[in-house]
Amino acid sequence: MTTRDVTIAGFIVLFAAAAVLVVVSRVHNARLAHFGDVIRAMFQRHVMIRATVLFGWAWLGWHFLARTGA
Amino acid sequence: MSAEPVPSRVAAARPAYAVAVLIVAYAAFGTMLEPGTLPSALAVLIPAGAVGAVSLYRNRPVRPLDADVAGAPLRRSVRLWSVVIIAGLLWEAWAFFHQPAWDVANHDYPTLSVLVAPVLEHDAVIFAAWAAWLYAGYRLVRL
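Protein chains in written order, with our numbering: chain A, 251 to 320; chain B, 878 to 1020.
So that you can see chain B by itself, here it is in the shape it has in the complex (with noise of 0.2 Å):
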């Protein structure tokens, strides 16, 4: 007597099935935690530890780029990604400095994270956050 043949497609999808439970259930966790407690600040650091010691310390290599992507492509996008990151990051600065201390905010300059303060009030919002760094996390991870 033998074990009924699971589908091949089934069995492939129940790594990201398990993936994406954790996910949910740890955005979940992380959503229930108050801000800037200890719990809070170590629901992010054990994934960022455990997410920086595997990209770091692994042996297997970075996957090669398919060779249509890895020439011109590649290099206009890195271009363009510089520009917006880089200007991003300029804006932020210039907001930043305009405040009369690093922790009061400037209501003429406001920072990104001043903007996006309110929003993050909301449950949903946060869950979804979590969700989304978590994801990115696992993505890094699965280079």
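Just chain A, same shape as in the assembly (with noise of 0.2 Å):
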């Protein structure tokens, strides 16, 4: 297995545990909280915090769509 192997597979498994946790919190939704709901309950704490979550949102936009692509 190579080092780019390993890289990508890193991806794959926090991908894969991210997938998990939406799966999971929709089936035991009272064992575990939405994304939904964690993302409000940080928009509900400081305004640094929520300027911080539409920051990342902006980025993504950013790097993806304006920057990169075809």
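Bear in mind the hints are in silico, worked out from the structure with no lab data behind them. Note that the structure is predicted; figures quoted are calculated from it, not measured. Be aware that a few hints might be false.
[Claimed, not checked] If you want a taste of the chain B side facing chain A, the calculated C-beta under 10 Å gives, among others:
id	residue
1	Val898
2	Leu899
3	Val901
4	Ala905
5	Pro912
6	Gly929
7	Asn936
8	Trp958
9	Trp968
10	Glu969
11	Tyr986
12	Thr988
13	Leu992
[What the hints assert, rightly or not] Pairwise CB distance ranges, derived in the manner of DEER restraints:
id	chain 1	residue 1	chain 2	residue 2	range
14	A	Asn279	B	Leu915	42 to 52 Å
15	A	Thr253	B	Thr914	15 to 25 Å
16	B	Phe974	A	Asp255	40 to 50 Å
17	B	Glu911	A	Ala280	40 to 50 Å
18	A	Ala266	B	Tyr894	14 to 24 Å
19	B	Val955	A	Phe265	16 to 26 Å
20	B	Asp985	A	Arg276	15 to 25 Å
21	B	Glu911	A	Ala269	26 to 36 Å
22	B	Ala930	A	Thr252	11 to 21 Å
23	B	Asp943	A	Thr252	40 to 50 Å
24	B	Ala947	A	Thr253	41 to 51 Å
Even for Gly, the Cβ is constructed at its ideal location relative to N, Cα and C.
Since each chain comes alone in its own frame, lean on the hints to assemble the complex.
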């Protein structure tokens, strides 16, 4: 297994973990809150946390839609 | 002579349909733009600015969480999502700092951007990415 394979496998594991969290929160919502509830809770905390979430969303658009692509 | 009453479920669904049409239309518009140009930058910055302004400067408070979710389930979810997101950021940073320069990819340590770039060459994928990004922004405004 090459270093490249390990790097890619790491991303796959992380995406799989995120997918598992989404599915488990849908099936067992009484035990695990939805991702949307986590974001909502963060928005209720502090304006800087809200700004950080918004910046992350905006950066994703900038990086993947405006700067790169076809 | 009075106007025929509109069924309430249809009336309630109208704004959602309007948003869906708007998102699809804007995603199609964004898909047509050449990446790395001023129009594509503006196409991202305009909705980003609008969502940011509405979210940061609105008067309406964020809708409270349901009581049955606000305690242990939320704490558990915050902990687990924090682990996944921080691990993702560290893994991306690990790959990024192995690059010979910030804009030169390392074959052995590909970043997520490098891995995703070939997929983003397909119009259908770009359209889906635009639609998903815009929908996420809409959800942030609606919190």
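Hint check:
Taking 10 Å as the C-beta contact cut-off toward chain A, the hint placing B/Val898 at the interface is violated, the least distance being around 20 Å. A cut of 10 Å between beta carbons decides the hint on B/Leu899: the least distance to chain A is about 16 Å, and the hint is violated. Interface restraint check: B/Val901 against chain A, minimum CB-CB distance 15 Å, threshold 10 Å, status violated. With its C-beta approaching chain A no nearer than about 13 Å, B/Ala905 sits outside the 10 Å limit, and its interface hint is violated.
Hint status for B/Pro912: holds, given a least beta-carbon distance of 4 Å to chain A, under 10 Å. The interface hint given for B/Gly929 is met, as the beta carbon of that residue sits about 5 Å from the closest beta carbon of chain A, less than 10 Å. Hint on B/Asn936 is violated. Least Cβ distance to chain A is approximately 14 Å, over the 10 Å limit. Contact between B/Trp958 and chain A, as hinted, is supported at the beta carbon level, the nearest pair being about 6 Å apart and thus within 10 Å.
Contact between B/Trp968 and chain A, as hinted, is supported at the beta carbon level, the nearest pair being about 5 Å apart and thus within 10 Å. For B/Glu969, the suggested interface contact is upheld, since its CB lies about 8 Å from the closest CB of chain A, less than 10 Å. At about 5 Å, the closest approach between the beta carbon of B/Tyr986 and any beta carbon in chain A falls short of 10 Å, and the interface hint on this residue holds. For the restraint placing B/Thr988 at the interface with chain A, the shortest Cβ-Cβ distance is roughly 9 Å, inside the 10 Å limit, so the hint holds.
Taking 10 Å as the C-beta contact cut-off toward chain A, the hint placing B/Leu992 at the interface holds, the least distance being around 7 Å. At roughly 44 Å, the beta-carbon separation of A/Asn279 and B/Leu915 lies within the given 42 to 52 Å, and the hint holds. Against the hinted window of 15 to 25 Å, the Cβ-Cβ separation of A/Thr253 and B/Thr914 comes to about 35 Å, which falls outside the hint. Taking the beta carbon of each, B/Phe974 and A/Asp255 are about 19 Å apart, not inside 40 to 50 Å as hinted.
Checked against the hint of 40 to 50 Å, the C-beta distance between B/Glu911 and A/Ala280 comes to roughly 48 Å, which is consistent with it. For the pair A/Ala266 and B/Tyr894, the supplied restraint of 14 to 24 Å is violated, since their beta-carbon distance comes to about 34 Å. For the pair B/Val955 and A/Phe265, the beta carbons lie near 20 Å from each other, so the given range of 16 to 26 Å is met. Between B/Asp985 and A/Arg276 the Cβ separation comes to about 37 Å, which falls outside the hinted range of 15 to 25 Å.
Range check, B/Glu911 to A/Ala269: about 33 Å between beta-carbon atoms, so the 26 to 36 Å window is met. Range check, B/Ala930 to A/Thr252: about 46 Å between beta-carbon atoms, so the 11 to 21 Å window is missed. Distance hint for B/Asp943 and A/Thr252: a CB-CB separation of about 47 Å, consistent with the stated range 40 to 50 Å. Checked against the hint of 41 to 51 Å, the C-beta distance between B/Ala947 and A/Thr253 comes to roughly 44 Å, which is consistent with it.
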